[in-house]
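Next come the chains, spelled out residue by residue.
Number of protein chains: 2
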Amino acid sequence: MFKSLILTSAFFVSATQVVVAQDLREVALDIFKPLPSTVPSVRDNPITDAKIDLGKALFFDPRMSASGVFSCNSCHNLATGGDDNLETSIGHGWQRGPRNAPTVLNSVFNEAQFWDGRAADLAEQAKGPVQAGVEMANTPQNVLATLNSMPQYVDWFGSAFEGDSDPVTFDNFAKAIEAYEATLITPAPFDAWLNGDENAMSEQQLAGLEKFVDLGCASCHSGVNLGGTGYYPFGLIEKPGADVLPEGDKGRFAVTETADDEYVFRAAPLRNIAVTAPYFHSGKVWDLQVAVQIMAESQLGEELDNQSAAEIVAFLESLTGEIPAVTYPVLPAETKDTPRPSGDVISEG
Amino acid sequence: MFKSLILTSAFFVSATQVVVAQDLREVALDIFKPLPSTVPSVRDNPITDAKIDLGKALFFDPRMSASGVFSCNSCHNLATGGDDNLETSIGHGWQRGPRNAPTVLNSVFNEAQFWDGRAADLAEQAKGPVQAGVEMANTPQNVLATLNSMPQYVDWFGSAFEGDSDPVTFDNFAKAIEAYEATLITPAPFDAWLNGDENAMSEQQLAGLEKFVDLGCASCHSGVNLGGTGYYPFGLIEKPGADVLPEGDKGRFAVTETADDEYVFRAAPLRNIAVTAPYFHSGKVWDLQVAVQIMAESQLGEELDNQSAAEIVAFLESLTGEIPAVTYPVLPAETKDTPRPSGDVISEG
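Protein chains in written order, with the working numbering: chain A, 1 to 349; chain B, 1 to 349.
Calculated directly from the structure, the hints in this document are not laboratory data.
Watch out, some of these pointers could steer you wrong.
Because identical chains share one entry, a pair is satisfied inside a single copy or across any pair of copies.
Keeping only pairs whose Cα atoms sit at most 20 Å apart, straight-line, the calculated SDA-like set for lysine to any residue is [as the list claims (entries may be wrong)]: (1) K336 with A310; (2) K336 with Q289; (3) K284 with T335; (4) K250 with I237; (5) K284 with E247; (6) K336 with T320; (7) K284 with K336.
Bear in mind the structure is a predicted one, so any value in this text is a computation, not a measurement.
Modelling step: build the complete structure from the supplied sequences, incorporating the hints.
Next comes the structure, spelled out in structure tokens:
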């Protein structure tokens, strides 16, 4: 991976030398991609309106957690950029999650999910936090008992998974959530500009884009999500201090158990980055300009002056998109058979 | 208060003796009132669209809590009947609130707010949970610093409180939330029936209504909200066990310090009761039919058979209304000046 990274970087350095002469949009279109105008398809999960509606209900339903306090939307809040704006999330029993919650917006375009890419897709991802002891602390069995206790949910699963002999399953729960999340895509001024609208971005934003390409940021942060597709060591050139890169979290090493993967993380997707502070897997940096300067130094060995960093921040602000209008769901009422919420913290082991 | 209660009860007992002979709707219209078709006015707080929109943003904004985890909507969730469906709410530091969270829906029609009526109106109410150590654990100062750090909020306060020299105040914060909450009214089949639609309620529901009046339930649960307007001892005839009426919570006594007010609570408003389990200030009862039977015994000395209780439950289900469509807000992004969320629990005293 290191090799391909270095090759990729070399490509961009040479490519960007001609940026000034060449059309910036042409260069950008080689590296990035505008969002599509339709909901993308996802593997093994045909998206239908019934599935989207069910997934939305599940996404917003706090009764999917053991305590009845947390829904998917608690940490991936659609009102605040699809994340929770906390250093790391607070979950069941007021426990802290280990890493900063990534935004759900446009996450369907990531190659894999979580900071370490340990889930292949959003359906697999959706099963994680529901069961994590420090997050929603629930069990598949209790999720299904909860869903089966509410006739309206049983109906909705039947419509969303027509033809399934047993529609209310944990797999279908995850697939419905994936279908809903696939709709959460946020066209931004950058897309309008990529699509040909000269006035969609300011001069400063365009200067920032040029710097972003020129410096080599785009070697990791490329594609439709400007990231979310490759794994790279945090501190490729210069390892940041433990205040930003805590030593205890070795990133993708926990997934692959390969020494090369120590402190390796999936390149963060940058759409809506300006509205999803704090930054990095540790959530330790709140100022986007500071985050840009840390990245430049640790990944590219560049000390970025404030003006250049501000231009890149301006470019990143052009990635703040418009969320599709979300009508807040009215959820099925619990019945006397619905399992009771429990805030009890069960210690593991 | 006891005296007026007894007089009122006596009135209803005599009134209900003629229910069979008289038109049930005529009797019902003497006791109850359909919801209005327009947003009600509130004291000292002219309601405007700008104020409603601001109030909605504040209502959904978790950054109004110290931790960044809880918004008004966390415990008064519009997706689940305007409450949180927990025995008592879980708040800051995973602490438990002392009483079951009442629904925000139609709460503008309550005479006073909270189970003990300690807040005169919704604006006063809104200031409570934000500051309560076991709920949102914030301070007015930190709320204002948070709001002032986001230019979009400052603009919105300017529009909502035009003419105020200093629009961003804690009072205005509360007034905006009150304005939004005043819009959360939920017309139900019972309203349609009161308004003349014969088919809006089933035979069983009408039989339940007749029992509800006949037994005397309506002596406390009357008016537009079927409750929410008077204070009554829980256990007027027979005090329920400590499993339902915990001895430590003396209700309105804490507000008035009058011996007569021991275990006195505001009569619960009954709109949407079928979707807001669990029941009573203690939240100890999950089955509405059981709750009806407990009430009949403790307040009226009546042992209610299952069929009669089921009829009353059917009537109560006709009070489940339709929530106005809520477009989930997109909140202003925090800035580097926004006070950092803190989940720390500061012990008092």
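Here is how each hint holds up against the structure:
no.: 1; hint: K336 with A310; verdict: between (56 Å within a copy, 14 Å between copies)
no.: 2; hint: K336 with Q289; verdict: between (52 Å within a copy, 10 Å between copies)
no.: 3; hint: K284 with T335; verdict: between (42 Å within a copy, 15 Å between copies)
no.: 4; hint: K250 with I237; verdict: within (17 Å within a copy, 65 Å between copies)
no.: 5; hint: K284 with E247; verdict: within (13 Å within a copy, 46 Å between copies)
no.: 6; hint: K336 with T320; verdict: between (44 Å within a copy, 17 Å between copies)
no.: 7; hint: K284 with K336; verdict: between (44 Å within a copy, 13 Å between copies)
The structure is consistent with each of the numbered hints, conforming to all of them.
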